[in-house]
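The task is simple: from the sequences and hints, build the whole structure.
Taking my numbering, the leading residue of the sequence shown gets 41, the next gets one more, and so forth.
By construction, these hints were calculated from the structure, which means they are not laboratory data.
Among the hints, erroneous ones may be present.
Distance windows between CB atoms, simulated [to be verified]:
(1) A87 - S47: 45 to 53 Å
(2) A44 - W66: 19 to 27 Å
(3) A87 - L60: 35 to 43 Å
(4) Q43 - R85: 36 to 44 Å
Where is the CB? At the ideal position from N, CA and C, for every residue including glycine.
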Amino acid sequence: MVQAVLSAMLSLENPSATLLRESIGWQFALARRRVEVEDATTSGRNAQQCEEVE
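As structure tokens, then:
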């Protein structure tokens with residue numbers, strides 16, 4: 041199943057493969073950005089909690 045999807049993505053004859061590749065790229069970029077924002081929010085919260093304890 042995965043092999044079929046990958047071969048379809050790599051096929052230049054399939055115009056939807058380009059759209060699929062772009063869609064997957066965007067999804068990964070958005071997921072990566074979401075994790076970065078969550079990390080920044082968490083570290084900000086941790087810093088704030090440390091200041092409150094002191």
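Could you work out which of the previously given hints the structure breaks and list their numbers from low to high? Hint check: nothing fails, all pass.
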